[in-house]
Amino acid sequence: MARDDTFPRRTYLKGAGASGTVALTGLAGCTLGGGGDGDGGDGDGGGDTGTGGSTDTGEDTTPLTIAGTVPETGSFSSLGQDLKRGYELGVERMNETLDREVELILRDDESDAQTLREQLQAIVSNNDVNMIWGSFSSLLVTAGSAFAENQGLPFLGIAFAYEEPHRNSNYEWTFAPFPKSRDVARSTLGTIELVPEENRPTNIGIWEPNSGWGKEQADYWEETLGDAGYEIVMRETFEIGASDFSTLISQAQSANVEVLLSNPTPGGGITAVNQMKSNNWAPKMLKFVRGADPSAWWSALGQDGAYALMCPGWVPGLTGNGNQQLRETYMSTYDTESQYMPANVGGSYNLTQVAEQAVVAAGSVEPEAIREALRNEEFQTVIGTFSFEDNGLPSEGELTAPTGQWWEGAQRLAFPNTDSERALDFKYPIPPWSER
Amino acid sequence: MVASDLLTQSVVNGLLLGGIYALAALGLSLVFGIMDIVNLAHGHMLMVGAYVAILVFTATGITPLVGMLLAMALMFGLGVLLQKVLLKHVVDEGLEQPIIVLFGLALVLQNLGRVILGGDARTADIGIPGNGFDIGIAFMSFPRTVTFVVAVLLIVATWAFLQYTKTGQAIRATAQNRTAAKYMGIDTDQIYVITLGIGTALAGAAGALLSMLFPIDPYVGWSYLLKTFAVVVLGGVGSVVGTLVGGLILGVSENLGALYLGGGYRNVVSLLIFLGVLLVKPEGLFGSSGGGE
Numbered sequence: 510m511a512r513d514d515t516f517p518r519r520t521y522l523k524g525a526g527a528s529g530t531v532a533l534t535g536l537a538g539c540t541l542g543g544g545g546d547g548d549g550g551d552g553d554g555g556g557d558t559g560t561g562g563s564t565d566t567g568e569d570t571t572p573l574t575i576a577g578t579v580p581e582t583g584s585f586s587s588l589g590q591d592l593k594r595g596y597e598l599g600v601e602r603m604n605e606t607l608d609r610e611v612e613l614i615l616r617d618d619e620s621d622a623q624t625l626r627e628q629l630q631a632i633v634s635n636n637d638v639n640m641i642w643g644s645f646s647s648l649l650v651t652a653g654s655a656f657a658e659n660q661g662l663p664f665l666g667i668a669f670a671y672e673e674p675h676r677n678s679n680y681e682w683t684f685a686p687f688p689k690s691r692d693v694a695r696s697t698l699g700t701i702e703l704v705p706e707e708n709r710p711t712n713i714g715i716w717e718p719n720s721g722w723g724k725e726q727a728d729y730w731e732e733t734l735g736d737a738g739y740e741i742v743m744r745e746t747f748e749i750g751a752s753d754f755s756t757l758i759s760q761a762q763s764a765n766v767e768v769l770l771s772n773p774t775p776g777g778g779i780t781a782v783n784q785m786k787s788n789n790w791a792p793k794m795l796k797f798v799r800g801a802d803p804s805a806w807w808s809a810l811g812q813d814g815a816y817a818l819m820c821p822g823w824v825p826g827l828t829g830n831g832n833q834q835l836r837e838t839y840m841s842t843y844d845t846e847s848q849y850m851p852a853n854v855g856g857s858y859n860l861t862q863v864a865e866q867a868v869v870a871a872g873s874v875e876p877e878a879i880r881e882a883l884r885n886e887e888f889q890t891v892i893g894t895f896s897f898e899d900n901g902l903p904s905e906g907e908l909t910a911p912t913g914q915w916w917e918g919a920q921r922l923a924f925p926n927t928d929s930e931r932a933l934d935f936k937y938p939i940p941p942w943s944e945r
Numbered sequence: 691m692v693a694s695d696l697l698t699q700s701v702v703n704g705l706l707l708g709g710i711y712a713l714a715a716l717g718l719s720l721v722f723g724i725m726d727i728v729n730l731a732h733g734h735m736l737m738v739g740a741y742v743a744i745l746v747f748t749a750t751g752i753t754p755l756v757g758m759l760l761a762m763a764l765m766f767g768l769g770v771l772l773q774k775v776l777l778k779h780v781v782d783e784g785l786e787q788p789i790i791v792l793f794g795l796a797l798v799l800q801n802l803g804r805v806i807l808g809g810d811a812r813t814a815d816i817g818i819p820g821n822g823f824d825i826g827i828a829f830m831s832f833p834r835t836v837t838f839v840v841a842v843l844l845i846v847a848t849w850a851f852l853q854y855t856k857t858g859q860a861i862r863a864t865a866q867n868r869t870a871a872k873y874m875g876i877d878t879d880q881i882y883v884i885t886l887g888i889g890t891a892l893a894g895a896a897g898a899l900l901s902m903l904f905p906i907d908p909y910v911g912w913s914y915l916l917k918t919f920a921v922v923v924l925g926g927v928g929s930v931v932g933t934l935v936g937g938l939i940l941g942v943s944e945n946l947g948a949l950y951l952g953g954g955y956r957n958v959v960s961l962l963i964f965l966g967v968l969l970v971k972p973e974g975l976f977g978s979s980g981g982g983e
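Chains as they are written, first to last, in our numbering: chain B, 510 to 945; chain X, 691 to 983.
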């Protein structure tokens with residue numbers, strides 16, 4: 510485990526300094542999650558308190574420095590700007606509301622895990638970083654998370670539905686304010702059940718990318734929908750990066766798939782829909798988690814991209830917890846004609862809300878204090894109200910994964926129902942190509 | 691048990707795709723068979739051709755089929771330039787030196803693509819009206835059918851050029867024995883220039899056709915190089931007919947591999963066939979009828 514091998518230098522220095530007071534109160538060494546796991550003796554335990562999240566350090570106005578990357582180029586570049594805008598709006602808000610200066614040092618990770626690590630290393634080496642914010646996709650977010658775990662710095666990552674790393678990688682610093690695979694599956698069920706029972710589809714097809722998250726998500730879909738009485742008529746794997754979906758399309762058609770579920774890359778999702786059209790086949794309901802997230806979906810597909818569902822963590826149509834403020838700030842900050850914000854702006858803005866509330870609760874920018882606040886506080890953000898398990902997963906059942914649907918060039922909330930005018934009534938079924 | 695209609699559809703899809711694979715491999719096969727050069731930049735030349743078609747389509751809305759002609763002209767020029775400026779200095783220096791030069795060129799093209807056009811995948815629409823149609827045993831996707839027909843026409847045109855034109859005969863003579871061809875008065879240096887020009891033009895054409903079906907990014911060159919190399923080995927170096935058959939086999943085996951074993955095995959099956967041919971008939975299925983000294 511990284512923490513055993515590499516003593517976090519910054520953690521020690523800070524823990525011995527600013528957090529020393531906490532350690533001297535006699536709480537030092539009381540680790541969460543059972544303690545006594547062999548880690549308590551290292552310096553990490555010095556500032557680790559069971560209730561440290563509410564520790565008050567008085568008039569501490571130490572600046573908060575955050576390192577982060579976004580994919581401004583490379584295969585996920587279509588999402589980079591949206592993520593960046595959410596971060597920027599959030600940092601602006603934090604600078605207005607917190608009694609400390611907040612600086613976000615953001616670099617382009619080129620959609621590449623190695624570049625991401627190099628960029629984070631460069632930032633952390635040259636700055637007194639207190640926290641790290643993630644990128645996009647399980648691939649990049651887990652790379653950032655591994656770096657943060659090694660450094661002993663709190664890490665917040667969105668667009669990261671993959672649960673297994675939380676359970677098996679002994680995360681201590683990683684927190685994902687984002688709906689996870691299980692939530693995505695429940696949300697899918699909820700969306701299907703919006704359809705009146707007499708018209709409701711029964712045949713489910715799953716295209717499973719050959720990745721850990723692909724299998725996890727497919728397992729959740731199969732279990733959740735199977736238990737609810739739906740028939741899984743197709744479950745086939747495909748290679749991430751594949752560009753020929755013709756065989757899968759033929760298989761789906763042959764199996765009479767009505768609801769097609771998958772979690773391809775954005776490029777893969779767009780290619781798949783193009784090939785569905787050229788093969789003259791469409792399901793009645795299509796959900797591409799992550800694949801249909803970016804604005805590039807509509808710019809590449811136009812009307813052919815309509816009806817597609819996605820689960821990007823936040824969708825226009827959600828209400829409460831700062832959604833109105835987010836919308837007003839976004840509209841006044843960025844010159845846009847659309848009345849609907851891109852989904853990933855909300856997702857990354859939600860991350861900044863978690864960061865802000867954690868720092869307020871910690872009363873400090875010390876990594877341990879922030880971590881304890883993340884573990885102990887309840888967070889109210891534009892995606893909902895939730896807390897975290899010790900492994901950084903949102904607590905079971907607290908988050909409803911909002912499902913959005915592409916309609917007239919915008920992603921709009923289809924599930925759950927809200928009274929927002931930006932939400933829509935779930936559009937079902939997808940008509941045949943000849944009628945579109 | 692796979693339904694027969696699904697099997698037929700997969701075979702048809704594979705054949706349609708295989709036609710483009712064959713076109714993509716033909717340039718590599720010609721250059722390999724005639725010049726004894728393994729063009730490691732062939733996949734990246736394909737990528738450049740694809741980008742030309744995509745950029746023309748994006749800027750003007752003109753079908754990539756027209757962009758393909760521009761891509762072929764540009765790529766022919768690139769091939770001529772490449773032979774005259776770079777390869778002529780190393781073409782007689784054994785296998786290694788041209789390979790190193792072309793590997794370097796592949797990296798240059800890839801990075802130029804990334805810097806100039808960005809890392810995002812792009813694609814083009816076929817840009818002409820038309821719908822797919824049912825032939826009873828399978829559904830024919832319109833873009834795949836059109837690109838297949840164009841690919842086969844180009845392959846037939848290349849075959850006819852090599853068979854029936856003076857230049858084509860000179861190319862074949864050079865492939866059979868360069869020294870003898872020289873004694874017969876053939877300007878073999880010029881033949882090399884023309885051959886590389888044709889090889890790169892065919893790569894450009896294949897790239898333009900592929901841009902109508904699949905996304906293209908600056909990194910696709912390596913995967914298409916692997917596929918085209920497999921086709922060349924399957925069909926036999928320098929054999930036009932062999933390349934066509936090899937392409938069709940690759941396309942069908944990819945689709946059947948995906949159908950029976952899952953998408954993750956798509957390339958595994960086709961490459962196993964490639965290895966099998968190497969073991970049993972290393973000169974390729976049509977190797978004896980092709981060129982090569």
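No wet-lab data here; the hints were simulated from the structure.
Heads up, the beta-carbon is just placed ideally off N, CA and C, and yes, glycines get one too.
One or more of the hints may lead you astray.
[Unchecked claim] Partial pick of chain B residues on the chain X-facing surface, computed with a CB cut under 10 Å: (1) Thr582; (2) Leu615; (3) Gln623; (4) Glu627; (5) Gly750; (6) Ser763; (7) Asn885; (8) Glu887.
[What the hints assert, rightly or not] Stretch-level coverage of chain X by chain B, calculated; a stretch enters the list once three of its residues show a Cβ under 8 Å from a Cβ in chain B: (9) 748–756; (10) 767–779; (11) 832–846.
Results of checking the hints against the structure:
1. Contact between Thr582 (chain B) and chain X, as hinted, is supported at the beta carbon level, the nearest pair being about 5 Å apart and thus within 10 Å.
2. About 18 Å separates the beta-carbon of Leu615 (chain B) from the nearest beta-carbon of chain X, more than 10 Å, and the hint is not met.
3. Proximity of Gln623 (chain B) to chain X is violated relative to the hint, the smallest CB-CB distance being about 14 Å (cut-off 10 Å).
4. Interface restraint check for Glu627 (chain B): the shortest CB-CB distance to chain X comes to about 16 Å, outside 10 Å, so the restraint is violated.
5. Annotation: Gly750 (chain B) was flagged as interfacial toward chain X, and the flag holds, the nearest CB pair being 9 Å apart, inside 10 Å.
6. Of the supplied interface hints, the one on Ser763 (chain B) holds, with its beta-carbon coming within about 4 Å of a beta-carbon of chain X, less than 10 Å.
7. For Asn885 (chain B), the suggested interface contact is broken, since its CB lies about 41 Å from the closest CB of chain X, more than 10 Å.
8. Evaluation of the Glu887 (chain B) hint against chain X yields a violated restraint, the C-beta minimum of about 39 Å exceeding 10 Å.
9. Using a Cβ-Cβ cut-off of 8 Å, 0 residues of the segment 748–756 of chain X lie near chain B, which falls short of the minimum of three, so the contact claim is violated.
10. Requiring three or more residues with a Cβ within less than 8 Å of a Cβ of chain B, the coverage given for the segment 767–779 of chain X is violated, as only 0 such residues are present.
11. Against chain B, the segment 832–846 of chain X contributes 3 residues with a C-beta closer than 8 Å to a partner C-beta. That satisfies the three-residue criterion, and the hint holds.
In this structure, the earlier hints numbered 2, 3, 4, 7, 8, 9, 10 are contradicted, and the remaining ones agree with it.
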